[in-house]
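J.: Here's the letter readout for the chains.
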Amino acid sequence: MGSYYLKRVISSIVTILLIATLTFTMMHSIPGGPFTRERPVPAEILRSLNEKYNLDAPLYVQYFDYMKGLVTFDLGPSYSKIGTSVNDLLVAGFPTSAKIGLMASVLIIILGIPVGIISALKQNKPIDYFVMFMATLGVTVPSFVVATLIIYFFAGKLGWIPSFGLTSPLGYIGPVIALTGYSLSFVARLTRSSMLEVLRQDYIRTARANGLKEFSVIGKHAVKNALIPVVTYIGPMIAAILTGSFVVEKIFAVPGMGRYYVESVTNRDYTTIMGMTVFYAAFYIVMVLFVDIAYGFIDPRIRLGKEK
Amino acid sequence: MKDNRFEFLESNIEDEEITRPSLTYWQDAWRRLKKHKLAMIGIVLIVFIVLFGTVGPYLTPYSYSDQSNDFKNLPPRLDVFEVEEGINLYLSNDYNMFLVLENGKMDRKLKLDHRDAINKVYTYLLDAGNSEEVVILDFSYNTLKDKQGYDYNFTIEYKGEIFKYTTGSKFNMSFPFGTDDLGRDILTRVMYGARISLLIAVIATMVNLFIGVIYGSISGFEGGRVDNIMMRIVDIINSIPLMLYVILLMVWFRKSDGLTNIIIALSSVFWVGMARLVRGQMLSLKEQEFVLAARVIGVPKHKIILRHLIPNAIGPIIVAMTMMIPTAVFTEAFLSFIGLGVSAPQASWGTLANNALSGLITYPYQLFFPALAIAITMLAFNFLGDGLRDALDPRLRKG
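These protein sequence lines are chains F and R, in that order. At the far end of the first sequence sits residue 308, using the working numbering, and the numbering has no gaps. At the far end of the second sequence sits residue 399, using the working numbering, and the numbering has no gaps.
Calculated directly from the structure, the hints in this document are not laboratory data. What you are looking at is a predicted structure, and each value in this text was computed from that prediction instead of being measured. Mixed in with the good hints, there may be bad ones.
Below, a list of computed lysine-lysine pairs in the DSS-like style, where the Cα atoms sit at most 27 Å apart [what the hints assert, rightly or not]:
(1) R:Lys164 to F:Lys125
(2) R:Lys164 to R:Lys147
(3) R:Lys35 to F:Lys122
(4) F:Lys220 to F:Lys122
(5) F:Lys157 to R:Lys120
Coverage of chain R stretches by chain F, computed from C-beta distances (three or more under 8 Å per stretch; other residues unrestricted) [what the hints assert, rightly or not]:
(6) 278 to 292
(7) 373 to 384
Below, a sample of chain R positions facing chain F; criterion: calculated Cβ distance under 10 Å [said to hold, decoys possible]:
(8) Met231
(9) Arg232
(10) Ile236
(11) Tyr245
(12) Leu248
(13) Leu249
(14) Pro326
(15) Ile361
Here a beta-carbon is modelled for each residue, glycine too, at the ideal position from N, C-alpha and C.
So that you can see chain R by itself, here it is in the shape it has in the complex (with noise of 0.2 Å):
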């Protein structure tokens, strides 16, 4: 028989296999995560703030309690005078004067010969190699009577020549994130700031998460009236305000340094919606087969506990913890900033923030930076979690 309407086909092993790999929970879970573009954004960030924190500080030069009495309240971008090839003045906020390198790095303050209060001219000194040279500021422009209706407020004379208005603008170099009213090093101090915060939620966290399963899966395994007594602690502690625990705790141990204390107070109030989570988790779990076949060979409850149910409830689990530590972030940010939080010279980003408040207007930067680092720490985690909401719990993916 010729028939040419049929041909034999190669044999081809890939053909015949028709399953996919058979992938584990967490392999799909990370298939999915893998998809899931915000998340891994997320990751990279967290990833990028943890090794800040971590690494960061032993790159620069300075300790987050450095302080500098010449180098106080400097901008991370220097508006310069450049009153000669290669030497650039960058004027302060409060009249002192620097010299800046052509590279951008700070390097020193001038020396205040004269100050003239009365009609506002300070005279600087500038030793430029051999000679001595002479920097006159005027600042009395549109603040005396008879000098009013300029569009500069201030004059820079140098070698006879005046200056009205900066020439340039460098990027501070020597301090990329400004300084402080104490002259220490923003970036070292965010730095370490991620440092204190995030081990501060990471801790808070961890503490949380062990005591939220535990307590949620003896009362959700239990039920009777075990839960009943114990969700209903779980519900008082819920009624209150949690930050008024915190704020009451934070005042209750006054003793020791801030960092324990936040930790201790964070530690031991968010674990109520943990405890819910577990609890719900745990009576459905625990109605199912595998529970019963491993009652039925005497498995004690707390190896049913840990080796049977929390295993299956490690989704959501994770998913929540993941979501706690922004939170922990922003308490902690939030206490500190009212004063509670870690005591000086220690750093969180919420004492940095609440430092800078009292120069905001006159110094933003000082505010921006460590704000700019508790946004992205929420977004990142607040990212992360949403993909692994979707990613280990497609029951509950959104819309």
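Chain F on its own, in the form it takes in the complex (with noise of 0.2 Å):
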């Protein structure tokens, strides 16, 4: 038992230092340096540049110290926002990020594991086909169209919440809602064929027929087992909100962390693209390993299967 989680949390680690060495050496082999501008710097200034940053060392110097950083959670200097450093911006950017992160993810576990049981409850009814064109309409539609549509209706004709930033308390329904809208679609989606799966199994039959009374059947027999699929999904979701989705923060101008790697990726600024995708690949490898953990807990068939 305690083997399998020591080798899913070495995989994991060795996953990560994959992922930087993958990052290293793509941002190193860009043909030209991080200094090359369409206006040549001057030589010496590029010189003393390289010198501080020390791109001259030979590339496995920079790689070891790259790594060396990396285990001690030093991510170096950011190369176009001078004097801040990649740490730097992870701090100002994350708080912000997971909160709005955070609050999307209970919206959509509230939201869409009841209203998927209620769908899959009522199969076949108005109030069943009214769900899944939602949640057809919520997957199909673009994050960045439901926030635009957001910030011209509720900001720009009604005025009800504030366009961009997060100054008041209004100002986080728009991100929220917007960073909402797929996942919520999706497990509203999940939740209902996995119910509709587990509600046609033998053991609800008997269930019933042993006069269980419907609300034990459903809440105690069907639900616990139908949301197995959802809970593997809920993980890698929470992570890939919580560090923010890009669009979303770039047109509600919110200043977290995808702002950031938006920016960073415009400016061609390495150091922070390459910080912030270890971070990222790394929360989000973390993610899932709880999930995985935690798995094991919810449904023992895994971790009987998984121990051969």
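Given two chains presented individually in distinct reference frames, assemble the corresponding complex, making use of the accompanying hints.
T.: Here it is, written out as structure tokens:
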């Protein structure tokens, strides 16, 4: 049992290191250095810049330096924002993204799962069709469209919420809804189909035949099992949402991680791109790891299966 | 014997035939697919979008990069002042005056003769035939201090007559979807965007299909250590959020044009799901007797995979492929939206949406059409994918 978890933890760490290596290689194989501009930087400035950021050193030295930094959670300086380190950007951006992301995740869970269950219980009734219609719409309409529509109607036309920034609590409404859209629809659809699957199982019929109340059949027997695939999806989803959706943060001008990431991409700020990618990936992998571990507790079959 | 209770039946060929004509796998699938209403809607929509993107650009008089200094930011529906029989004037948000013909065609932009920015009065010249008429726009209402509390914001004076409200509205027949901030026809650009977006999606999907099927079938068929190593690689790729990976790749290839980059970036990532699916199919298929039979008579491995295994797994593969296309459209739109997509003047739906963002409050229609196109495409492929899943693989049919 313990050895399985140990294996998972080790393989996660290896994966993170591999990703860091991959990003490092990619960023360093781009032709031209980080200070290549349209107007060439004077040679001596370039030299001193290279010296400052240790870019003259052989690649393997830079690599080990970077890895050493990574292990001690030091992601290096930002090349385009002078005087700030990537860590500073993370510290500045992550809490904001996490706050919005957490709200969105909570909303998805408390709304998506019940809606999916209700829809499954009322299969082929009007309410089911309505939910499925909305869910299909939610999955197909891109988040940037949802976000801009929110801005257009609720911020522009009606003026109920501010169109950018998080200065007032109302400012959270727009980004949270825009972030929720896709995943909420997905969770509702997933819950519904998995619930329908479970409701057809023999043990549900047995439970009903034994005269259990409908409420306890659904609540105790069906929902518990139906949620297993949903949990698989929710883990990585929370990671993706918590670290912030780039687009939503861009549209609502939220000072979160996503915005810094997009900015660093447009500015070709290689250390920031590298650092943030590794951070995102690590966060994601850790969340998946948590889900896998939690899984063993939720579903004993998986624990047994994995042990071999 | 005379018994009326029995009578001879006429020999009827049709009655004797108890079996239906046997259907091939594809005929059967098509029969099931035809019953799936949403899937049929999806097919119709997809055909429409493909025609829209391929034939469409030839039918409009403009090209996707044609700019026009006069006709900037024109909406699809024009609120006009009919100042005289047959003379419709349209006033744009940036105080340009246009002459609109009776049939809704944009005729020309009126010449701005005099601009009095302090009193907020502009004078335009309208040369109607031989005479030249003056149109005076006064937009000082509700902005200047002594002109507060009106329920209209401007007036137009023409031949001594004052118009306070628009008299009607016409569909813009010259630019049915309006024009953007450089005076480019949005209809043409959305059509062109369909071409680019679908091109990217289809090529990326094909490449993904190719890599995924080959990778997955080798991994599944070989099994053992090969399978183990190959699947660990897949696991690692899969544990990176794909969007990050695509963004990294896009940053990485910064040399050539955006179109190639985006295709390469998308094709190098999304095969992972396909590989897993195919591997799963292979694992169960390879244990079956027909594979054993093929092995016994000495069919080489690659032929077993190509001739026997892949055709048997084709159903789920096609379904996954149909679902991959909207994902690719979506990812492409997303990348273009954050500025990593195709480069101007080429336009995909994502770029169009991104360009529209800056003028959203004033010119919402510029976002509306590309967004609608994306949503319709996603819906169509999702419908078709659901239908195909039911048709090709009835075991997976959902409740």
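J.: Which hint numbers doesn't this structure obey?
T.: 1, 6 and 8
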